[in-house]
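J.: Sequence:
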Amino acid sequence: MTNLKNLTSVLVANRGEIAVRVFRTARALGLATVAVHSDPDADALHVREADAAVRLPGAAPADTYLRGDLVIKAALAAGADAVHPGYGFLSENAGFAREVQAAGLTWIGPPPRAIEAMASKTRAKELMRAAGVPLLEPVDPHTATAADLPLLLKAAAGGGGRGMRVVRDLDALKEELEAASAEARSAFGDGEVFAEPYIERGRHVEVQILADSHGTVWALGTRDCSLQRRHQKVIEEAPAPGLPEALRASLAEAAVAAARAVSYQGAGTVEFLVTADGRPFFLEMNTRLQVEHPVTEAVFGLDLVALQLRIAEGAPLPLTPPRPTGHAVEARLYAEDPAQDWRPQTGTLHTLAVPGEVRVDTGFTDGDAVSIHYDPMLAKVIAHAPTRAEAVRALARALAGARIHGLTTNRELLVRSLRHPEFTAGRLDTGFYERHLPALTETAPDDRAPALCALAAALAEAARAQSAGARSSGGREAQGPPRQQHDARGLRPDPHPALPEDPAAGGRGGGGDASAPLADVPGRPDPAGVHGTGGQHAGARRVGPGCRGPVGVGPRPHRLDLRRRLHAGHATGRDEAG
1 MTNLKNLTSV LVANRGEIAV RVFRTARALG LATVAVHSDP DADALHVREA
51 DAAVRLPGAA PADTYLRGDL VIKAALAAGA DAVHPGYGFL SENAGFAREV
101 QAAGLTWIGP PPRAIEAMAS KTRAKELMRA AGVPLLEPVD PHTATAADLP
151 LLLKAAAGGG GRGMRVVRDL DALKEELEAA SAEARSAFGD GEVFAEPYIE
201 RGRHVEVQIL ADSHGTVWAL GTRDCSLQRR HQKVIEEAPA PGLPEALRAS
251 LAEAAVAAAR AVSYQGAGTV EFLVTADGRP FFLEMNTRLQ VEHPVTEAVF
301 GLDLVALQLR IAEGAPLPLT PPRPTGHAVE ARLYAEDPAQ DWRPQTGTLH
351 TLAVPGEVRV DTGFTDGDAV SIHYDPMLAK VIAHAPTRAE AVRALARALA
401 GARIHGLTTN RELLVRSLRH PEFTAGRLDT GFYERHLPAL TETAPDDRAP
451 ALCALAAALA EAARAQSAGA RSSGGREAQG PPRQQHDARG LRPDPHPALP
501 EDPAAGGRGG GGDASAPLAD VPGRPDPAGV HGTGGQHAGA RRVGPGCRGP
551 VGVGPRPHRL DLRRRLHAGH ATGRDEAG
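Take the sequence shown: its letter number 577 is residue 577 in the numbering used here, and every next letter is one higher.
Relax, there's no trap hidden among the hints.
Restraint-style ranges between C-beta atoms, simulated for each label pair:
| # | residue 1 | residue 2 | range |
| --- | --- | --- | --- |
| 1 | E175 | T387 | 46 to 52 Å |
| 2 | A131 | E245 | 21 to 27 Å |
| 3 | L4 | G326 | 28 to 34 Å |
| 4 | L170 | P316 | 52 to 58 Å |
| 5 | S186 | L135 | 24 to 30 Å |
| 6 | L4 | E245 | 34 to 40 Å |
| 7 | D303 | A276 | 32 to 38 Å |
| 8 | E434 | G314 | 44 to 50 Å |
| 9 | P57 | A246 | 52 to 58 Å |
| 10 | D140 | E390 | 44 to 50 Å |
| 11 | E137 | Q101 | 36 to 42 Å |
| 12 | R113 | S186 | 25 to 31 Å |
| 13 | L29 | Q101 | 18 to 24 Å |
No wet-lab data here; the hints were simulated from the structure. Cβ atoms here follow ideal geometry from the backbone N, Cα and C, with glycine treated the same way.
I would like the entire structure built from these sequences, with the hints used as guidance.
T.: Listed below in structure tokens is the structure:
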């Protein structure tokens, strides 16, 4: 019988919603949790949720979350015995995985050799060809002819849409190849680019796999991720609608073959392009947990993070997975303006509350800042129901009723996409936004806007008066003692204790979500908290539709730091990795 490891504390080498997500499961399993954070993330939700937090000095990812040496030092200093990489950053870095293991820590992910085998898309395709997985034949971009068009240029390393170009004009091929190579080199440190036929109206379909160290490999159904902007996913669902059972079976078989070809362990995803006539072709294998994993969790009734942790401890999977039930759809809520070339938005998220029986995975709470340094995703909202139609309606309804203030978001685009006749009919392909973006982002007139803006201005004035009165009366009685921080010089009082923010007084605010409903009365109970369970957002206020000017919001609710101490003498469980 295999001796199982007994994990006690896990560090998440990431930030935002995925760090919060992993911490939630770790706590449920009785594990201590350790966060790492850059300077802009010092008060981020994932830091507040962790038992201990370790500073990574700096702001840019290259100086912080991509510094594997500092992350490992942080884990050792905080007493963690395992590292979960989340997704992005170092999650598919085989060298980092090896360094984690060399430091005596448990890596919550696949073996480094499996990561390495799939790191290069060109090398991965060679392995998949040997394993009998169907592939698109590559095209040499230097000898391509008009008959080869259209072509898709792709970076051999990395993903996320960077280094990708669709080429329809042979005269533009050389310029696009150079641009793709430069972008890939900047993003991944590797300028290798390859070309393959671009499939018009293809579908992005993927298979979630889970494998243990005892030879069991699960294929957990399909997901459709065809609705994408800039080759990045926006709406995902499970199972992929409208696929013949024979095709589902062949995709599962190919995914298991891919996993066995590299002796895979842990959670991973095998991605395919499915043509309009139903032919599947291998795209790539993601050797990590996917952003869209909650839809698979919903239909299979599983906690994939818990299974990752159990597999890392050496536990076997049951021989067969549970049977799927119902349908799940996920939408990614971004702080971005789809009508302005998907321009990212930064600033303060004053209010985020989503009603209904939906799951919300987020790395933000009311009053948090959305930084220029990181991806602008605010939340993932997931609906699960017995049928696809019910899940789609529930998700659209929850998003339409969400209270969002402080930043322009893609909320209206998501709602319109979910209610579009092509989407509701399950006619999905990667060209959806190319065809429909202008109509989906068209501003709808709202006769209520002048009255709502006037109401918002009146509420903002009341908030300023209330805040000024609180300050003049010395309203800091709820503050408590200064927080303690820890750095190389030892414990010291925090020179900037957490005061409730007054964005109106500071000139911040405005830029509200244009689709937000009527502004709330000060102190009115929030009909639904961010997790759809109801709650109170004291002082939270919104502008109405069309109000883009600088209107104020009420004070940010004071937050209490309830972290448990992990080590004697560390008053808040904070360390600094220098």
